[in-house]
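Quick note: the sequence shown uses the working numbering, first residue 4, plus one each step.
Simulated from the structure, these hints should not be mistaken for lab results.
One or more of the hints may lead you astray.
Claimed, not checked - With a cut-off of at most 20 Å between alpha-carbon atoms, the simulated SDA-like pairs for lysine to any residue come out as follows:
| hint | residue 1 | residue 2 |
| --- | --- | --- |
| 1 | K73 | V16 |
| 2 | K22 | F85 |
| 3 | K43 | V28 |
| 4 | K73 | V28 |
| 5 | K22 | N71 |
| 6 | K73 | Y61 |
| 7 | K22 | V60 |
| 8 | K43 | F85 |
| 9 | K22 | P70 |
| 10 | K43 | A94 |
| 11 | K73 | E12 |
| 12 | K73 | E17 |
| 13 | K22 | F101 |
Claimed, not checked - Label-pair ranges, simulated between beta-carbon atoms:
| hint | residue 1 | residue 2 | range |
| --- | --- | --- | --- |
| 14 | A50 | S84 | 15 to 23 Å |
| 15 | D59 | M11 | 17 to 25 Å |
| 16 | D59 | H30 | 16 to 24 Å |
| 17 | E72 | L46 | 15 to 23 Å |
| 18 | Q27 | V102 | 14 to 22 Å |
| 19 | L103 | E12 | 22 to 30 Å |
| 20 | P70 | A50 | 31 to 39 Å |
| 21 | L49 | D21 | 18 to 26 Å |
| 22 | S54 | Y31 | 32 to 40 Å |
Note that beta-carbon positions come from the ideal geometry of N, C-alpha and C, so glycine has one too.
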Amino acid sequence: MKHDDLDMELQEVEEFFDKDVHFQVPHYQRNYSWEEDHVKLLLDDLAGAMSGFPDDVYLLGQVLLSPNEKKLVGLDSDVSSFELIDGQQRATTVYLLFVLLLHSLDSDWVAQQVQGDKQKIYYWNSLKSLPN
Numbered sequence: 004m005k006h007d008d009l010d011m012e013l014q015e016v017e018e019f020f021d022k023d024v025h026f027q028v029p030h031y032q033r034n035y036s037w038e039e040d041h042v043k044l045l046l047d048d049l050a051g052a053m054s055g056f057p058d059d060v061y062l063l064g065q066v067l068l069s070p071n072e073k074k075l076v077g078l079d080s081d082v083s084s085f086e087l088i089d090g091q092q093r094a095t096t097v098y099l100l101f102v103l104l105l106h107s108l109d110s111d112w113v114a115q116q117v118q119g120d121k122q123k124i125y126y127w128n129s130l131k132s133l134p135n
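Could you put together the complete structure from these sequences and hints?
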């Protein structure tokens with residue numbers, strides 16, 4: 004495969020975890036193995052980027068996907084399926100963090116926000132749209 008054959012693009016985390024996308028970790032990949040220190044390092048890096056460069060794009064790292072040619076049982080026909088070749092540890096950790104955030108926020112949280120803070124409401128709605 005030539006470099007020109009690769010389709011590379013920057014993608015926002017919200018798009019990556021779209022409800023119409025399914026990821027499967029191939030059997031030859033290692034299991035999820037990040038421990039507390041790995042997660043803490045990622046969170047510290049995110050916090051540092053947000054406080055030091057709040058208006059800049061944060062690059063979470065490379066994720067390598069391969070279209071899954073097999074139709075997986077239980078997926079709707081409009082759901083894209085990919086094998087997660089590289090970036091599994093980060094992608095899984097970020098997804099788990101989003102799920103944790105979603106379940107830790109009070110369901111009345113949006114109603115309690117200042118009307119002008121549309122960014123917080125946008126992020127709340129993004130978290131709510133994550134697939135279960």
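Tested hints:
| no. | hint | in the structure |
| --- | --- | --- |
| 1 | K73 <-> V16 | 25 Å, violated |
| 2 | K22 <-> F85 | 13 Å, holds |
| 3 | K43 <-> V28 | 23 Å, violated |
| 4 | K73 <-> V28 | 14 Å, holds |
| 5 | K22 <-> N71 | 16 Å, holds |
| 6 | K73 <-> Y61 | 33 Å, violated |
| 7 | K22 <-> V60 | 23 Å, violated |
| 8 | K43 <-> F85 | 28 Å, violated |
| 9 | K22 <-> P70 | 16 Å, holds |
| 10 | K43 <-> A94 | 15 Å, holds |
| 11 | K73 <-> E12 | 24 Å, violated |
| 12 | K73 <-> E17 | 25 Å, violated |
| 13 | K22 <-> F101 | 14 Å, holds |
| 14 | A50 <-> S84: 15 to 23 Å | 33 Å, violated |
| 15 | D59 <-> M11: 17 to 25 Å | 20 Å, holds |
| 16 | D59 <-> H30: 16 to 24 Å | 38 Å, violated |
| 17 | E72 <-> L46: 15 to 23 Å | 36 Å, violated |
| 18 | Q27 <-> V102: 14 to 22 Å | 18 Å, holds |
| 19 | L103 <-> E12: 22 to 30 Å | 28 Å, holds |
| 20 | P70 <-> A50: 31 to 39 Å | 35 Å, holds |
| 21 | L49 <-> D21: 18 to 26 Å | 21 Å, holds |
| 22 | S54 <-> Y31: 32 to 40 Å | 39 Å, holds |
Checked against the numbered hints above, the structure violates hints 1, 3, 6, 7, 8, 11, 12, 14, 16 and 17; every other hint is satisfied.
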